[in-house]
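Using the sequences and the accompanying hints, generate a full structural model.
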Amino acid sequence: MPSRLLQLLLGALFFADVTGQDAIVMSSPSRPGNGVVAAPPGPWGSLEYYEVALEGPRGIHSMLKLPSQQVEWFLPAASRAELKELLIAAGLTESEITDLLSGSKLIQDLEAFRIFPAEATVLNMPTPTRVKLYRLLSRYEENRFHQRPVYINSSNLSDWFEGSEIPRSVIQDIAVLCYPTPGGKGYHFSDAPFTLKQAGSVLEEQILFQGLFRKRGLIVRLRVSADKLTQETADYWTAGYKNKAVMPLLESIVQNNDGGTIDIAHLLPSTPRTYLNRFPDPSDGLSGRFPDWFWTCYNFFRFVPREVYADSPARDSLILQEFETGLPPSEFGDMLLFNSGGKVVHGCIHIAEDIVFTKNGADLNSPWVFMKIQDVVGIHDLYGDVSISTFRKRKTSETVTP
Amino acid sequence: MKTGVFLFFLALSGRPDIFADESVVSVNPVRQGAFPKGEATGPWGTIEYYPVILEPPADHLWAALYDDRTLWNFGSVPEEGVYDILETSGFSKESIRLLKTEGQWKTGVAGTEVDVSDAVIESMTPENREALAKWFRLNNELFFSRLIINLEGGDLSAFEEGSVSPKTLDLIRRMSFKRRNVLSLMDRAYIMRQLGDDQEEKERFLKAAFATRSLIVRLVINESTDLESVIDYWSSEGRNPGIEHILKGVKLTAGADKLDLVQILPPLPRRYLFGFTNLRDMIPLSPPDCFWASVQFFRPNASPRILDPLTLNYHLEHDFEKIESADLQFGDIVCMFNTDDNTFLHSYVHIASDIVFTKNGSSFTRPYVLAKKSDMLSVYLDESAYRSETYRRKKRG
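Those protein sequence lines, which keep their order, are chains A and B. First residue of the first sequence? That's 1 in my numbering, and the numbers climb one at a time after it. First residue of the second sequence? That's 403 in my numbering, and the numbers climb one at a time after it.
Hint data in this document are derived by calculation from the structure and do not stem from the laboratory. Please note that a few of the clues may not be correct.
[Unchecked claim] With a straight-line Cα cutoff of 16 Å, these simulated EDC-like cross-link-like pairs (lysine to aspartate or glutamate) come out:
id, chain 1, residue 1, chain 2, residue 2
1, A, Lys343, A, Glu322
2, B, Lys660, A, Glu162
3, B, Lys502, B, Asp486
4, B, Lys439, A, Asp258
5, A, Lys228, A, Glu94
6, B, Lys536, B, Asp486
7, A, Lys242, A, Glu322
8, B, Lys653, A, Asp159
9, B, Lys569, B, Glu532
10, A, Lys242, B, Asp461
11, B, Lys660, B, Asp517
12, A, Lys228, A, Glu205
13, B, Lys650, A, Glu162
14, B, Lys797, B, Asp742
15, B, Lys660, A, Asp311
16, B, Lys653, A, Glu162
17, B, Lys660, B, Glu646
18, B, Lys536, B, Asp662
19, B, Lys650, A, Glu94
20, B, Lys502, B, Glu515
21, A, Lys84, A, Glu94
22, B, Lys650, A, Glu165
23, B, Lys502, B, Asp517
24, B, Lys580, B, Asp557
[As the list claims (entries may be wrong)] One-sided excerpt, in silico: chain B residues whose CB lies under 7 Å from chain A:
id, residue
25, Glu450
26, Tyr452
27, Arg548
28, His647
29, Ile648
30, Ala658
31, Arg673
32, Arg682
33, Met684
[Unchecked claim] Reference listing, derived: stretches of chain A covered by chain B, where coverage requires no fewer than 3 residues with Cβ under 8 Å from a Cβ of chain B:
id, region
34, 258–268
35, 281–287
Since the structure is predicted, the reported quantities are computational estimates derived from the model, not experimental observations. Idealized CB from N, CA, C, for every residue including glycine.
Next comes the structure, spelled out in C-alpha cells:
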C-alpha cells in the first residue's frame, strides 16, 4: 500500500515495520521484552517483575458506548476563520490544515465544528501533524479517544497485542496511527473508531475493543535470601509502622525457601491488596461513585476506605492534614501527585524503585495495578508538562488538625 | 466457633490495643524441618506450598491473657457437687483435699467459682485435665472456650527451637494434655505465675501458644499446564471472575512459572489472608469467626449482616446449595456439626487438594489463613464426633 509506505517515510523517527509477516515493531522507543525483569536493588531489596495484560470482565464491553466508525474531530469554533486560527495556534501550518480539511465533511453549529475526515486523511497524516492535531483535540472532552488515548509502552506491537485476538491487519493500522507521547516514552493511539471499520460483526467489534482497551499491570516479587535480608529491607516495607511488620515473614521465606521470592501483594496493606489487578465491581459503585486515583491514594493505608474522590471538596484539606511533603528518595506508600497545566491530573502510590500502585481512571475498565511510573506518566502526560510532587502519609498521631 | 467466647475476655479486659487502620500480621519462621514443602496436582493444576507459622502480634494479646489467677467456673453446681465431679474425673483424694483446704470458693452471678492454688495444679495428672476439660466443654462451654488453648498441629513445635526458654518449654510440656487428637493447655494462668516478672517470656509464651500454621501457596504455570482447565477451576463457574488474563499473562512470560495464590483469590480472602481481626470488622458481642470468613468467600465486600444473631440456614438456604458429592470445588464451604447435639462446630472453605481457607475461631489471636486441612482439624478433633455438610454458592445471576 504505497500511501502507507509514504507515511512511514514521513514518520521519520517513529515508524513501524508493517510490510512483512514478522513482528510489527515500532522503531523507537522500546521496552524490555516480555520476560521477568530484575529491578536495581535498593532499600526495598531485590525486586523482579513482569507485565501481564488485563482484560475487563466479560460483559463490560457491552456496556461501553461504541463510537461510530466515522472518525470525528470536535473543535470549538464559531466560524471557519476561528477554526483555522485554532489550528494555527496549535502549530499546524496552512498546508497541513488544507490537507486535513480537504475531503473532510464538516458539520457546524453555533459553537463548534464537527469534522469528519476522509479515511485517507486519517491514515496518511504525517506523524508530526497527528501529534499537533491530536494534542489540540485532547483538550476537549468531546474527543474522548484523544483525551484518554490508548497508551502503548512497547515498540513491538505484535508483542503488545499478543493474546488479544486482534487481527494482524488491524495491528498494522494501529502501527500507522500511533504517535509518540509528548515525553517520548511509548505511544498514544486515539483512532479506535477507525479500526472499527475492520470489524465485520458485533462479536468482532467486542474482540477488537476488548483487545484495544485491555490494561497492563506488573506482577512484582521480592527475592529474599539469607545473605541479603536486612532490617533495612523490612523497615522499608513497614513504612514507619504505617504498614504491618514484614521481617518475620521474610525470615520465614529465607528459612523455608532461601533465595526464593514472595509476591509483594503479601506486603501491601489490606485495602490495596484487595484491589490489586482487579477491575471495579459494580458493588464498588453502590455509593454512587466508583473509586478514582485519589480514593486509591488516600485509602492506601486505611483499613476501611473513605469515600473521597479527586473532585471532593475535602481533597486538598485532607492532603494537608494527613500528608506532608515528602523529600527524596520516595518511600513505600508515598503519594505522588501529577501536576499539569496548573492542576492535579492524577496521583498514584510509590511502591519501590520506579514501580507505583495506580488506578488510571474512575471507570469500570480501569483496574488497580502496579506500573512503572514512566508508563503512568505516559498515560496522563498529554502535553509534556507533567511534574510530580511527593506527599508522605503522616503517622496518625501527627495528623494536623486545621 | 460461633460462640462469642472471645468477647468474654474482651469484657474482662477492655478492648485490645490493636492498630485501628490495619490488620497486623506477625509471622514466625517455621522451625526447620517441622513440616516440609509440598506439591499437589489435580483439576486445579499444580500447586506448591511451603509453611509459615503466624503468631499474633503483641498488641493483639489482650490484658486478660496475662492474668495469673487460676479460676474454675462450675456454673450452677454447688461446692459439694464439684467434689463429686472431680472424684468422677479421677482426681486423687489429695488433690480434692487440697482444693477443699486451699481453694477460695465463691458463689455469685457467674456461678460457683474456685480460685485454684499451685499445689492443686501440680497435683493433677494429664488424665485429670482431660476429664475436667471434657466436663467444662459439656456443661459450661463458654468457660471451656475461655480456659482451653488448643495447640495447632497437635505438638509443641511452636514452642521449640528457642521460641521460649527450655524451662518454660518443660513447664508447658508438663501442663499440656491430649483431648483425643487435640493437644491442649488449661493452665495458662499457672504458667504465667511461674514466669513471674519476666514479661518478655510471657509474651513469647502467649504468641507461641496461639501460633497458627499457614501456607504460602503458588500455582505452577508452565508449558505443560492445561491453562483452560486451570482457569475453569479457579474461576469457579464465574464466581471468581477476572483471573484468566493474569494466568494467561504468566504463561506467556518467560521465567514466570509460578503465581502466588493471593493474585487469584477473590477480594475478601485476599484482603484478610494472613491478617488478624480488625476492630472495624466487629460489632458488640460479635467478632468475625470461621463462618464469617467462609460464607463471604466470594463476596466483594464484607457484610456486617453476617455478625447478626441469625441461624446458619438464614445465610445458606438462599445463596447456597447443599452438595452431596465428595468432589469438592474451589470455594465450597464445609460446615462441621457435632453429631451428638447437632451444634455447629466449625466451617472452612475448600481451596484445592487438602488446602483450606479458614479462621479458627473468633479470637483476635487467630488469623485468616491458607492451611493444610489436617493442621486446621488438629484443634477440632477432640473427643466429640462430628459430621460435615458441604455448600456451594449459587452462580451469579
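Hint-by-hint comparison with the structure:
1. Annotation: proposed proximity of Lys343 of chain A to Glu322 of chain A is violated, straight-line Cα distance about 20 Å (limit 16 Å).
2. Note on Lys660 of chain B and Glu162 of chain A: the hinted pairing is violated, with a Cα-Cα distance of about 20 Å set against a maximum of 16 Å.
3. Restraint check for Lys502 of chain B and Asp486 of chain B: the C-alpha separation of about 12 Å stays at or below 16 Å, so the hint holds.
4. For the proposed pair Lys439 of chain B and Asp258 of chain A, the alpha carbon gap of about 12 Å is at most 16 Å, so the pair holds.
5. Simply put, Lys228 of chain A and Glu94 of chain A have alpha-carbon atoms about 62 Å apart, too far for the 16 Å limit, and the pair is violated.
6. Taken as a hint, the Lys536 of chain B and Asp486 of chain B pair is honoured in the structure, with Cα atoms around 15 Å apart against an allowance of 16 Å.
7. For the suggested pair Lys242 of chain A and Glu322 of chain A, the alpha carbons sit about 12 Å apart, so the restraint of at most 16 Å is met.
8. Simply put, Lys653 of chain B and Asp159 of chain A have alpha-carbon atoms about 14 Å apart, close enough for the 16 Å limit, and the pair holds.
9. Between Lys569 of chain B and Glu532 of chain B the alpha-carbon distance is near 23 Å, which puts this suggested pair outside the 16 Å criterion.
10. Restraint check: the Cα-Cα separation between Lys242 of chain A and Asp461 of chain B comes to about 15 Å, which is no more than 16 Å; the hinted pair holds.
11. Of the pairs offered as hints, the one joining Lys660 of chain B and Asp517 of chain B is violated, with about 55 Å between alpha carbons and a cut-off of 16 Å exceeded.
12. At most 16 Å may separate the alpha-carbon atoms for a hinted pair to count; Lys228 of chain A and Glu205 of chain A exceed this at roughly 51 Å.
13. The straight-line distance between the Cα atoms of Lys650 of chain B and Glu162 of chain A is roughly 10 Å, inside the 16 Å bound, and the hint therefore holds.
14. In summary, the hint linking Lys797 of chain B to Asp742 of chain B is not supported, as the alpha carbons are separated by about 34 Å, beyond the 16 Å threshold.
15. Pair hint Lys660 of chain B plus Asp311 of chain A does not hold up; C-alpha atoms about 40 Å apart against a cutoff of 16 Å.
16. Distance hint between Lys653 of chain B and Glu162 of chain A is fulfilled; the C-alpha atoms sit about 12 Å from each other, no more than 16 Å.
17. As the CA atoms of Lys660 of chain B and Glu646 of chain B are separated by approximately 14 Å, the hinted pair is consistent with the 16 Å bound.
18. Pair hint Lys536 of chain B plus Asp662 of chain B does not hold up; C-alpha atoms about 41 Å apart against a cutoff of 16 Å.
19. The hinted pair formed by Lys650 of chain B and Glu94 of chain A fails the criterion: a straight-line CA distance of about 49 Å is larger than 16 Å.
20. Taking the CA atoms of Lys502 of chain B and Glu515 of chain B, the gap is about 13 Å. The hint holds against a cut of 16 Å.
21. Using a Cα cut-off of 16 Å, the hinted pair Lys84 of chain A and Glu94 of chain A holds, with the two alpha carbons roughly 9 Å apart.
22. Distance check on the hinted pair: Lys650 of chain B and Glu165 of chain A sit about 13 Å apart at the alpha-carbon level, within 16 Å; holds.
23. With a C-alpha separation of about 11 Å, the suggested pair Lys502 of chain B and Asp517 of chain B falls inside the 16 Å cut-off, and the hint holds.
24. The suggested pairing of Lys580 of chain B with Asp557 of chain B holds, with an alpha-carbon distance near 10 Å, which does not exceed 16 Å.
25. Nearest Cβ of chain A to the Cβ of Glu450 of chain B: about 10 Å, over the 7 Å cut. The hint is violated.
26. Given the 7 Å rule on beta carbons, the hint for Tyr452 of chain B holds: about 5 Å separates it from the nearest Cβ of chain A.
27. Hint status for Arg548 of chain B: violated, given a least beta-carbon distance of 27 Å to chain A, over 7 Å.
28. With a least beta-carbon distance of about 5 Å to chain A, the hint placing His647 of chain B at the interface is held under the 7 Å criterion.
29. With 7 Å as the threshold, the beta carbon of Ile648 of chain B comes within range of chain A, its nearest partner Cβ sitting at about 5 Å, so the hint holds.
30. Evaluation of the Ala658 of chain B hint against chain A yields a held restraint, the C-beta minimum of about 5 Å falling below 7 Å.
31. A distance limit of 7 Å between C-beta atoms decides the matter here; for Arg673 of chain B the minimum to chain A is near 4 Å, and the interface restraint holds.
32. Against a cut-off of 7 Å between C-beta atoms, the interface hint on Arg682 of chain B holds, since the closest Cβ of chain A lies about 5 Å away.
33. With its C-beta approaching chain A no nearer than about 12 Å, Met684 of chain B sits outside the 7 Å limit, and its interface hint is violated.
34. Only residues whose C-beta sits within less than 8 Å of a C-beta in chain B count toward coverage, and the region 258–268 of chain A has 4 of them, enough to reach three; the restraint holds.
35. Counting residues of the region 281–287 of chain A whose CB falls under 8 Å from any CB of chain B gives 3; the rule of at least 3 is met.
In summary, the numbered hints that this structure violates are 1, 2, 5, 9, 11, 12, 14, 15, 18, 19, 25, 27, 33.
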